[in-house]
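Using the sequences and the accompanying hints, generate a full structural model.
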Amino acid sequence: MPGPLENKRVILGVTGSIACYKALDLASKMVQAGALVDTVMSYGATQFVTPLAFRSITHREVVTDLFDPDSTYSIEHIELAQRADLVVIAPATAHCIAKLAAGLADDSLTTTVLAATAPLLVAPAMDGGMYSNAATQENMAKLRQRGVLIAGPASGRLASGLIGMGRLLETPELLGHIAYALGKDGDLAGRTIVVSAGGTMEPIDPVRVITNHSSGKMGYALAEAGRDRGAKVILVAAPTGLPDPALVEVVNVKTAQEMCDAVLQRVKGADALIMAAAVADYRPKNEAEQKIKKSGGDLTIDLAKTTDILEAATGDFVKVGFSAETQNLIANAKVKVGSKNLDLIVANDLTDPDSGFGVDTNKVTLIDRDLNVDELPVLTKYEVGHRVLDRVSKLLGNKTG
Numbered sequence: 004m005p006g007p008l009e010n011k012r013v014i015l016g017v018t019g020s021i022a023c024y025k026a027l028d029l030a031s032k033m034v035q036a037g038a039l040v041d042t043v044m045s046y047g048a049t050q051f052v053t054p055l056a057f058r059s060i061t062h063r064e065v066v067t068d069l070f071d072p073d074s075t076y077s078i079e080h081i082e083l084a085q086r087a088d089l090v091v092i093a094p095a096t097a098h099c100i101a102k103l104a105a106g107l108a109d110d111s112l113t114t115t116v117l118a119a120t121a122p123l124l125v126a127p128a129m130d131g132g133m134y135s136n137a138a139t140q141e142n143m144a145k146l147r148q149r150g151v152l153i154a155g156p157a158s159g160r161l162a163s164g165l166i167g168m169g170r171l172l173e174t175p176e177l178l179g180h181i182a183y184a185l186g187k188d189g190d191l192a193g194r195t196i197v198v199s200a201g202g203t204m205e206p207i208d209p210v211r212v213i214t215n216h217s218s219g220k221m222g223y224a225l226a227e228a229g230r231d232r233g234a235k236v237i238l239v240a241a242p243t244g245l246p247d248p249a250l251v252e253v254v255n256v257k258t259a260q261e262m263c264d265a266v267l268q269r270v271k272g273a274d275a276l277i278m279a280a281a282v283a284d285y286r287p288k289n290e291a292e293q294k295i296k297k298s299g300g301d302l303t304i305d306l307a308k309t310t311d312i313l314e315a316a317t318g319d320f321v322k323v324g325f326s327a328e329t330q331n332l333i334a335n336a337k338v339k340v341g342s343k344n345l346d347l348i349v350a351n352d353l354t355d356p357d358s359g360f361g362v363d364t365n366k367v368t369l370i371d372r373d374l375n376v377d378e379l380p381v382l383t384k385y386e387v388g389h390r391v392l393d394r395v396s397k398l399l400g401n402k403t404g
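For what it's worth, this note's numbering labels the leading residue of the sequence shown as 4, then goes sequentially.
Since the hints were made in silico from the structure, they are not lab data.
Among the hints, erroneous ones may be present.
[To be verified] Keeping only pairs whose Cα atoms sit at most 25 Å apart, straight-line, the calculated DSS-like set for lysine-lysine is:
no.: 1; residue 1: K32; residue 2: K187
no.: 2; residue 1: K145; residue 2: K187
no.: 3; residue 1: K288; residue 2: K271
no.: 4; residue 1: K337; residue 2: K294
no.: 5; residue 1: K343; residue 2: K397
no.: 6; residue 1: K339; residue 2: K366
no.: 7; residue 1: K308; residue 2: K339
no.: 8; residue 1: K288; residue 2: K235
no.: 9; residue 1: K397; residue 2: K271
no.: 10; residue 1: K343; residue 2: K257
no.: 11; residue 1: K257; residue 2: K288
no.: 12; residue 1: K343; residue 2: K271
no.: 13; residue 1: K235; residue 2: K257
no.: 14; residue 1: K187; residue 2: K257
no.: 15; residue 1: K339; residue 2: K397
no.: 16; residue 1: K337; residue 2: K308
no.: 17; residue 1: K366; residue 2: K271
no.: 18; residue 1: K294; residue 2: K271
no.: 19; residue 1: K271; residue 2: K187
no.: 20; residue 1: K308; residue 2: K257
no.: 21; residue 1: K235; residue 2: K397
no.: 22; residue 1: K296; residue 2: K235
no.: 23; residue 1: K296; residue 2: K343
no.: 24; residue 1: K257; residue 2: K294
no.: 25; residue 1: K308; residue 2: K294
no.: 26; residue 1: K308; residue 2: K288
no.: 27; residue 1: K187; residue 2: K397
no.: 28; residue 1: K308; residue 2: K343
no.: 29; residue 1: K337; residue 2: K288
What follows is the structure, encoded as structure tokens:
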């Protein structure tokens, strides 16, 4: 399945904020993701960044003047607007937001927005006082009531030197909002999916833990793929080095028991559970209250079995497990389908260099309840996520059909 931006027409509106420089990176990342990006700049934006910079990145003409006789789009801006799959304004100043709320059309950008039928995503960027001003908040509330999507702003250091709300979101988070805006009406719209990710940590003492090599990348990719198909995604995550995916509810846990409690609570009323986490099978029976000091002899730690979350999770939802193996991949995975009452299991061979922990690709085999085997080629983990969700979507359709 192509990425959410592949072959999409995106209008990038840029207004006069110091954060304009971030819009260059956003334009670049959207083009790299396969989007056709047309940039429309306000006069204020051209005072911070030149149109040539955007043109060099997007390889498309940049619209700056509604009445420019030499511009291809000075007359055809209506057609440009109607062809768009999404309009993104990043950064959006307080002035721009006020004009949008009032329905004004006095420049290329606001005219294009009014003519567009595609979803509108607005990413505010301004000084903290301007953002918190009652007029700005009222204008943003009007936009939300009309169905406009608002991304941010973030809190942090502002151009004025003050700390507060008003920073433009960073590019990765903006891309998450854009992916959601493009896929919010997808085949999983209205569905709730619980995904687990990462490797749990079982404390030995206040310093040491038993854990594994899981990076969490597969679970996070599943969460993003679900979001990009319109699902409400709840990600129950053990510690990872990954940033929280945009527009995904993240529940942070550490131990296997904490993950079990979080999953069992949130799967109530959910449509699907996908357990991609590497959950510890055993934990230290007793956690030392103080750091265990090194001695001359060996150290023995008694271990107790943890709760199997997939076995404990019961209800009328699609249940998907993962099976990471180093031998007898298919046979071991098939056993788990029955023992854990799974609708689908995703099996991957940890000895394969393109699969398993820490890498961005995965080579998996899907095995359904009837033990049918579907071996997939090497794919990115995001692509694997979509392949798994293709099956989940079909299973959900069968449950309601």
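Problem set entry | Which numbered hints fail | 3, 4, 8, 14, 17, 18, 22, 23 and 29
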